[in-house]
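Going down the list, the protein sequences come from chains A and B. Quick note: the first sequence uses the working numbering, first residue 1, plus one each step. Quick note: the second sequence uses the working numbering, first residue 1, plus one each step.
Some hints here could point you the wrong way.
Stated by the list, open to error - Quick list of simulated restraints, FRET-style, between CB atoms:
1. K74/B to G104/A: 36 to 44 Å
2. K74/B to L131/A: 41 to 49 Å
3. L46/A to T21/B: 31 to 39 Å
4. M1/A to F296/B: 38 to 46 Å
5. L3/A to A35/B: 51 to 59 Å
6. I62/B to L106/A: 50 to 58 Å
7. L75/A to L105/B: 51 to 59 Å
8. M1/A to G75/B: 42 to 50 Å
9. Q318/B to L157/A: 45 to 53 Å
Simulated from the structure, these hints should not be mistaken for laboratory data. Backbone N, C-alpha and C fix where the C-beta goes; we use that ideal spot for every residue, glycine too.
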Amino acid sequence: MELVVFYVAAAVAVVSALVAVSHRSPVVNVLSLVVTFFCVAVNYALLGASFLAAAQILVYAGAIMVLFLFVVMLLNAPSEQPTPEPRPVQRVAGLALAAITGAGALFLLLAVRVTPGVAPIDGNAVALGRLLVGPYLFAFELISVLLLAALVGALVLVKRKH
Amino acid sequence: MWAELAVTTAKVVVVALAMVTTVPIMVWVERRGAAFIQDRLGPNRVGPLGLFQPVIDVVKLIFKEDVTPAAANKGLYYLAPLISLGVAMVTFIVIPFGAGHDVSLFGVPLRGLIVAPDLNVGVLYLLAIGSLSVYGIVLAGWSSNNKYSLLGGLRSSAQLISYELAMTLAVLGVLMATGSLHLSDVVARQSGAVWHWNAVTQVIGFAVFLVAAFAETNRLPFDLAEAETELVAGYHVEYSSMKFACFFMAEYLNMATASALTVTLFFGGGTLPGVTLTGWLGLFVSTAVFVAKMCFFLWLFVWVRWSLPRFRYDQLMQLGWKGLLPLATLNLVWVGIAMTMGWLR
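Looking at chain A on its own, in the form it has when it is part of the complex:
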C-alpha cells in the first residue's frame, strides 16, 4: 500500500518537475512546481516526518509559490513566449553544473548507506524543537539573523526607489 503511494507520488513529482522546466506558459510552470512540492510532501509523510510534510506544504506550496504566481500574473507575461537563444557560455556552464549535480546525486545514491530506524522522530514536532534550540541552537540563531538581514535589505531596496 505504502509502496504504491510512494511510486505514484514519486512519478507525479518527477513528471511535474519536468513540466515545470519545459512548458511554455509561466503559469503552468508555477503550478506544476506546486504539484511537485505537494508530492514531495507526500513522500515526507510516508517516511513518518509528518511535521516536515506540513511545513513543506505550508511554506513552499502555500506561501512561496503563491508569491511566484502573483508575480507572474502581475507581470502579465505573454503565455506563449519564444525562448531566447542561449549564449555558448550558458550552455557550457549549464551542462557542467548539471553534470556535477548529477554526479553528486549518483554518488549519494551508491555510496551512502541509509540505516533505517536511527532517528525515529515520528513526525514529532517536540523532538524537532528540542534539536533546534539544543544542539543546533547556533545554526538556528544564525538563520534567523540571516532572515532579518534579508528583510532589512528588501526594505532598503524598496525605499531607494522612492
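Start from chain A and add chain B according to the hints.
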C-alpha cells in the same frame, strides 16, 4: 483492521455530512438573518419559514446554463472551483467535534469524534491545506481572462497571504500554552472552568484570530475580492451553474471550519465547565455543546456581514500588517511571560 476501517468511515460520513449540511442551513440563516437585520421578510414562501428555499436554489443552480468564456484557459478554468471545494472538504478532519475517548464502536475505541486522531501534526495540517485554497481563487481570476476577475483574484490572494500570517501567529500562542499540536489536547487543557478558556487567558490572540478568520473566509467586512460595486463579483464573475456553486459551497464550508476552529482553540471545544460526563452520554452532550458554540460563531459571521461596511483595500492591508501582526506578536510575548511565571496552568 476492518472494524477500524468501519469506525473511521463512520466518522468521515458523520462529520462530512454534518459539515455539508451546514451549507444549505447557513444559506437560509444568512438570507433570513439579512432580512431580519434590514427589517424585511426574506424568503418565506417555500416550506415552513422558507426552510426549503435552499433545496429549490440547488435545483435552480443545476439547471442553469454552464457558460465557459471563449477566451478562458479551459483546464485551469475547470480546475479552480475543484481546488476551492476540495480544500474546503478536507480541512476539518483534525477538529475534535466531541469527546468519547472511553467509547468503543464494533470493539474498536472511538477516540473522540475526530476523523484523524492519529495525525500528529494536528492543527498544522489544517493550516497547511487551508493555505492551498488561495490557488482556487487566484486561478479562477486568471483563467477567466476577464480584468475584473483577475483584479479580484489578485486582491484576494494578497489578502489571504497577509492575514494567514497573523492567524498563524495567534494559533501559535494557543499551541505554546498547550505544548501540543493535537487539537484534542488543546480542548483538554481548557476543560474545568471558563477562565481556563484561551479566549480569557489570551484575549488579544483571540481578537486577532477572529478578525483574521473573517479575512481568511473572504467575508464582509473583508470581501474585497468580490466588491460588487467596483469589481462586479470578483474572481467568480464568469462562473455559472454548479461551478459557481462550488465556490459558494466552499465559502460556507470555510466559514463552518473557521467557526469550529475558533470554538476548539479559544472556547473549550465540546467541554462544558463544571460538567463531567463519560461514555455515550458524554459523547452526545459534548457534541451538542460544540455545535451550540459553533452556531454562535456562524451567526456572528452573518451578523457582522450585514452590520459593517466594507474596508478599502489599503485599509485592509494596513490593518493586517500594521495592526494585527504586532498584536499577535504581543500575544506571543504575553503567553511566554505568563508561562514562565506560572500564571497559566
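Hints versus structure:
1. K74/B to G104/A: 36 to 44 Å: 41 Å, holds
2. K74/B to L131/A: 41 to 49 Å: Holds, at about 48 Å.
3. L46/A to T21/B: 31 to 39 Å: 34 Å Cβ-Cβ, so the 31 to 39 Å window holds.
4. M1/A to F296/B: 38 to 46 Å: Once the Cβ atoms are compared, 42 Å apart, the range 38 to 46 Å for F296/B and M1/A holds.
5. L3/A to A35/B: 51 to 59 Å: 57 Å, holds
6. I62/B to L106/A: 50 to 58 Å: For I62/B and L106/A the Cβ distance comes to about 55 Å; the hint holds.
7. L75/A to L105/B: 51 to 59 Å: The hint (51 to 59 Å, Cβ to Cβ) holds, given that L75/A and L105/B are roughly 55 Å apart.
8. M1/A to G75/B: 42 to 50 Å: 31 Å, violated
9. Q318/B to L157/A: 45 to 53 Å: The hinted range 45 to 53 Å is violated for Q318/B and L157/A, with Cβ atoms some 21 Å apart.
In the structure shown, a violation is registered for the earlier hints numbered 8, 9, in ascending order.
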